[in-house]
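> For reference, the chains in residue letters:
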Amino acid sequence: MKRIKISPRTNWSADIEKLGFDFYHIDGVPYWNESAYYEFNAAEIDMIEAAANAVHRLCLRAIERIISERLYPFMGIDPDLGKLIAQSWENREPAIYGRFDFLYDGEGPPKLLEYNADTPTSLFEASIVQWDWRQQRFPDADQFNSIHEHLVDRWRHLLVGRYNADKLVVTTATPMPEDEHTVQYIGSCAEQAGYKIKFLPIQMIGWNGITFTDLDEQPIMQVFKLYPWEWIVGEDFGKNIKPSGSLWLEPLWKILCSNKSLLTILWDMFPEHENLLPAYRDPSPFAGKKYVKKPVLGREGANIQIIESGCIIEKRDGSYGDGLYVYQEFIEPPNFDGNRPNIGVWMCNDTACGMGVREDGSLIISNGSRFVPHIFK
Amino acid sequence: MNKSVLLAGIAALVLLVGCDDKPKPENAVKIYASIDECKADHDEQECQKAFEGAQTEHEKSVPRHATLGECVDRYGADACIPHHSSSGDWFGPAMAGFMIGHMLGTPSYQPVYIQHGYAYSGSNQLGSWRSTCVSCRTGGFVTVPAGSSPAWSRSYSTTTITPSGRGPSATYAPAPASTRGGFGGSASGIGKSSPSAPSSVASPGAASARGGFGGSAAGSSAGG
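Sequences listed follow chains A and B, in order. Heads up, the first sequence is in the working numbering, so the first residue is 14 and it goes up one at a time. Heads up, the second sequence is in the working numbering, so the first residue is 36 and it goes up one at a time.
Isolated chain B (complex conformation) (with noise of 0.2 Å):
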């Protein structure tokens, strides 16, 4: 692989790399952009093996599309790289940083990869890529969701249902017999005391369904 086009990917990537210069506490997992930036938490020999190691892997495994379309769509334009080969060329991420592997239990160094605003190693999602500053400079982390599950979803709120206090107040009276709460799925957790499936719509002129709204705004304004 052309040295130079994976250099240059690396050093636009330090931009694209993250946030913070302090490591999360718990539940995270660091990812280096540089042997600079790993120096601050583990020792050279260490880092500079790690980082080695992650580039190894990264110049075997790294996905591989043959339009430059493909590859945007999954990791961004700002992360694809063009390569040229005898057999053709191609396009892939560059490496965003790369981890040392503690969580995984075992000492791999892993390439790291930022798909849609979600970082992996290989196809294990680590988690939610964190930026939340917006001039990012060094240093990157991920929050691991609690439990590790792969299938990250937005979190919901748990809270219950509020009026909001500004409307007429009669409105916001609690219905007087019917039963509610009707609906599981996508409104999961949003202030329904007594979830129940949407097959159990009452025949017509009885209680409403209700919930069958509201499942999408996960704690987010619906307004923009």
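If we strip away everything but chain A, and leave its shape as in the complex, we get (with noise of 0.2 Å):
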């Protein structure tokens, strides 16, 4: 594993333009960086593959705990939103997609940090644009990612089952233009697989007293949805979702992979395993360590502290710190000239497809840190 500094190709931003990429830059920071990639040889990508598919099935282990122990007071969870959660699970509702984030060196095993498996982006940057940088830059190289074909090929085979082809609603919460990025993209996907695709903002889904609308007030049944569970249930509408018959990607036991009390059962599971780092409801066996405290329903590295020796080394601020915590030990990110990678590998239902590396000067990554495209050799 190397981080290489290249030029970057004259017109880069015109290309990823071209591509439809218009988030290279957050809040003036420029957020796609081709200045520099990274590259991993194939004994290194095949350990991420296997670490991404060997961490999804301990998941999928703990996620059946905590149904059948219902664990959800525990997570936080209200238990009748439990009964639903199992519900979700017990129906096998299918998945599209999830992204896990790891810390790795080039050396030792991965480690998790968390499974963003509700609400994933970067998804569009990871599938398409570092590809087309690919071919333009190392035709000869390889990428680990196989993103969008496993997309595409995850919406056809769902046709297979209890969705069809008619209507697929996908929506999130606007003006967000990352976020309506990520879902146009998922959606382009749904309709390369021969889907009908209507985009709706998600304050504008109605309802008529029997299922969900659209703004011609005809029925929706099938969403797809970047929009946090745990928001959605404490909405208004969010009550409506049973009766409604409808089917709504990510189904909803997914919320128990983004509940970072997930990392606390897993260790309990399954203690020392390679890919795991320690993690506890309570802080105190890391007394004298260093130590990561995360809320449990985070999302873009928001509330997350470091600490070490009771004094926060570094924190990011944000405005998911008001509930539950884990407390995660610390690892030291790898360093390259500052910069500190962290590894998403993107999970196509059950399949590891592919990865895109963000990094940042900080020691906690959010959703402003940089994209650096990757190739393996």
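Hint data in this document are derived by calculation from the structure and do not stem from the laboratory. Treat the hints loosely; a few may be bogus.
Unchecked claim - Simulated coverage check for chain B against chain A, where a stretch passes if three residues somewhere in it have a Cβ under 8 Å from a Cβ of chain A:
id	region
1	97-109
2	244-250
To be verified - Derived Cβ-Cβ restraints for the label pairs, each shown as a range:
id	chain 1	residue 1	chain 2	residue 2	range
3	A	K96	B	E105	29 to 35 Å
4	A	K255	B	H77	56 to 62 Å
5	B	E81	A	L337	53 to 59 Å
Built from N, CA and C at the ideal position, the CB exists for glycine as well.
Two independent chains are provided; combine them into the complex using the hints.
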């Protein structure tokens, strides 16, 4: 694993705009960064891929345990909601995708930081933008990236089951350029698989007492949402999901993956697993050590603190900090000239299908971190 | 109280407290982590008095918790200090800093604690603890919400929903006959022109109520 500096393509911003990637600056800071790339060897990529597939299986076993032992209060989940989650799981509601975040230094095994299984973003840049970059820059090198093919395939696969191609509503809260773009990309994958797509801001979804409706008052029976389940269930229409009979992706059971209490349950079930870090509900096992404090429902690095000897040595504020926390052992991320990479491994259903590297000068990766393309040889 | 423990707590908190050196112009209360910091804005005597006043108040009224867990739940692991007394051990938050009580209209000198991202003086929530920088070292501010309402809530964007323009435009066409904007509640302020109560949901088959989703976004990304 190496970080190699390289001059960006002459017209790089035009090149990526052509792909429809228009949020390459976030809050004025360059987000897409092709002035460097990461190079891996095939053994490293194999190791990353195997880690994601293995940890995904562990997560599924942890979900089984949460549901069979009704560990909802431990996760800060209302038991009534727990019943719906259990139904979603027992009905084997299908999933599309998710993103693991791993720390990997090119030597030891990748270590799971968290599983963004409900509302992952940075998808388009991983799937399309870095692939386009590879084709122009390193046509002879490989890239761990069959995300697009897998996504289209996954959508097609759902048609064999309870989904139909007539109408799929893709939704998120607007205006949020990054999130809108992510759902449009997901929608275009579904379109390629044969679905008719309607994009509708989530605020505009209607309820007529029987079904959800679009702006033409037509029923909505299939939804892909990029909107956290824990928000949905707390909102006025949340209670209508079940009576509506509509199908929602990602499925409700994924609320158990994006909840960071999962990390403590994983460690309890599979202690010393090489891809897991010790994680507890209480910081006392880390006395005298460095550890990370994460809100159970946080996203994008918000409200994460790194603590050493009782002092915060680094933190990121945000709006997720008023609930339960988990405490995870801190390990030093690799440092390439002051850049700290974080490996996002994309899961298409149950299969690791690609990777995106984001890096930050800070120890905490957030939605403002830079996306840097990768290749492997 | 064991003085060395307290001092260690304060030394540790220099790291925790704050961001900028410059006070925010308005609606901001400055919290000082040390007399030295205070001296930039006030004369030394007043700072000394303020620090001592706050410390006395802190020793008298610091919230006591029987277990570390309780204290950590409220103030965070980073802030909790063990205390030993003849009546038993307990845990309490370190003083994050002190403030000179202009905001309250009286010259009281109060210790300040940080709880779940909000700065508190006693039971008064001063506002959202602001530290947008990552490696903050000195000086902290809280920004007091307009009207100083203690019930802080995430601010909602009042922007009207605007279609992104990237989707097929037909799906954004205003709906034909239905009345829209049928929800208040959590979605208030997000792009609805005429909120009404959920009870006004029309009979089946008629116009749909809308706005029952989306209220939680409050201007933050739903992805991650």
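> Against this structure, judge whether each hint is valid.
Hints versus structure:
1. 97-109: holds (count 3)
2. 244-250: n = 7 at 8 Å, threshold three: holds.
3. A/K96 with B/E105: 29 to 35 Å: Holds, since A/K96 and B/E105 (Cβ atoms, about 30 Å apart) stay within the stated range.
4. A/K255 with B/H77: 56 to 62 Å: Holds, at about 60 Å.
5. B/E81 with A/L337: 53 to 59 Å: Given a distance of about 41 Å, which is not inside 53 to 59 Å, the answer is violated.
Figure legend: structure checked against the earlier numbered hints; the only hint not met is number 5.
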